[in-house]
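Enquirer: Given chain A, work out where chain B should sit, using these hints.
In case you want the letters, here they are:
There are 2 protein chains.
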Amino acid sequence: MDIALLGGTGDIGQGLALRWAADTDYGVIVGSREADRARAMADEYETELSSLGIDATVESDANPDAAARADVVICSVPAYHLSDTIESVADRLADDAILVSPAVGMKRDDAGVHYNPPGAGSVTALAAEAAPDDVPVVGAFHNLAAGKLANLDADLDWDTPVVADDEDAKGIVMDLAAGIEGLRPLDAGSIANAGEIESMTPLLINLAANNEHLHDLGVKFH
Amino acid sequence: MDIALLGGTGDIGQGLALRWAADTDYGVIVGSREADRARAMADEYETELSSLGIDATVESDANPDAAARADVVICSVPAYHLSDTIESVADRLADDAILVSPAVGMKRDDAGVHYNPPGAGSVTALAAEAAPDDVPVVGAFHNLAAGKLANLDADLDWDTPVVADDEDAKGIVMDLAAGIEGLRPLDAGSIANAGEIESMTPLLINLAANNEHLHDLGVKFH
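First to last, the sequence lines map onto chains A and B.
Remember, my numbering sits 14 above the position in the first sequence when you count from 1.
Remember, my numbering sits 14 above the position in the second sequence when you count from 1.
Some hints here could point you the wrong way.
Unchecked claim - Here are the in silico distance ranges between beta carbons for each label pair:
1. A:Asp-39 / B:Tyr-94: 44 to 54 Å
2. B:Thr-61 / A:Asp-123: 44 to 54 Å
3. B:Asp-169 / A:Glu-101: 49 to 59 Å
4. B:Gly-185 / A:Asp-182: 41 to 51 Å
5. A:Asp-169 / B:Arg-106: 45 to 55 Å
6. A:Asp-148 / B:Gly-196: 43 to 53 Å
7. B:Asp-189 / A:Asp-123: 27 to 37 Å
8. B:Tyr-94 / A:Asp-182: 33 to 43 Å
9. B:Asp-123 / A:His-95: 27 to 37 Å
10. A:Glu-181 / B:Thr-71: 28 to 38 Å
11. A:Glu-101 / B:Gly-133: 45 to 55 Å
12. B:Glu-101 / A:Asp-169: 45 to 55 Å
13. B:Gly-135 / A:His-227: 24 to 34 Å
14. A:Asp-148 / B:Ala-104: 56 to 66 Å
Stated by the list, open to error - In the DSS-like style, the derived pairs of lysine-lysine whose C-alpha atoms are separated by at most 25 Å in a straight line are:
15. A:Lys-234 / A:Lys-162
16. B:Lys-162 / A:Lys-234
17. B:Lys-234 / A:Lys-234
18. A:Lys-162 / A:Lys-121
19. B:Lys-162 / A:Lys-162
Claimed, not checked - Some chain B residues near chain A, calculated using beta-carbon distances under 8 Å:
20. Gly-126
21. Leu-170
22. Pro-175
23. Glu-181
24. Gly-196
25. Leu-200
26. Gly-203
27. Ala-206
28. Glu-210
29. Ser-213
30. Asn-225
31. Leu-228
If you're looking for bench data, these hints aren't it; they were derived computationally from the structure.
On a predicted model such as this, the values are computed, not experimentally measured, just so you know.
Every residue, glycine too, gets a C-beta built ideally from N, C-alpha and C.
Here chain A stands alone, though its shape is the one from the complex (with noise of 0.2 Å):
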């Protein structure tokens, strides 16, 4: 199994991408629109992954490079850049590739961050918009604080709530989440239900900016 993350320099990307190296046995290549940009930041995740120890390939390729050679693309880019991002890449997917949608629309105002999802009802719905017919879309991962994910240090304890139209694409996503150590994927039904699930990311934010014992937040449902 291999998995692409577009945008995999940056933010949710980088902590997927190394979080999969270290746990899994799951080929990782990590996008970015310049192959470059996306070979020096391989490089130094193999780096981090060798000072802990762990002896781990991270591969590397321009965005719709990465994404023909994977058979589940991350997209964790920005929500303004998920339709543009899609659009790149959708004659290069493998015929049985699934795009994943992680990202969240949030505006600040002075009282918070607030979820503000596009026109299409939430961004995991707008990825549906922008991927081929034939693509299944996943939404998953949209509540995992970044800088946490990305320390290997860190042990998780959270919850991804995972959405699809497409069943069997939800279960493969599901069990690649659940081969990060400390993460627990759980069904949230359909892409009809994404939008309360990308709504916690800024009440996320909002807790930690007013507790000050909390700080990068996930969530554990029971």
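Expert: For chain B alone, kept in the frame of chain A given last:
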């Protein structure tokens, strides 16, 4: 400190009444549209508490009379009854009374349950619009599974995000929440941040519906 639970005969109101009566010395006044109905439920709560060896008095009254006697008034009614309920008690509230809104607007379709906020942006904001100008409104207790909350044999380990535009009122309600064993109040900022909290309730319902091992869900942030 006296707490009135308008709509304290059902759902979340029942659990809050039982928990405060069991875990704290606060006066608990169950309110309902009919005083007789409120008394019947208060008797049931007293019987249940007694069966667990807890000798607690649960008072009761019609909603306006219950509200008049309380320092903090919990509007534990469905979202579509919220404005009417607040209007029905508005001119009876004590000088320093605080209103608390735990309600969430939801709608169901084939995919699951979805957040369905009123035009005010959130149910908590709707409560603030309906309340007299000098009465602070606090949003809290949105994400608690009613069945588990009302089952005193069940240990809780949940967070409840709390929002208000009045910091003093927020602090008082956070103290009330902290009086319930296993419930941790978290400051989520102002009422402008309520929508993201209320949105989590349909997510909890969707997760319970789609994962066999999960039911009566609450949330913990860490």
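Enquirer: Checking against the hints above, which ones are violated?
Expert: Violated: hints 10, 11, 19, 21, 23, 24.
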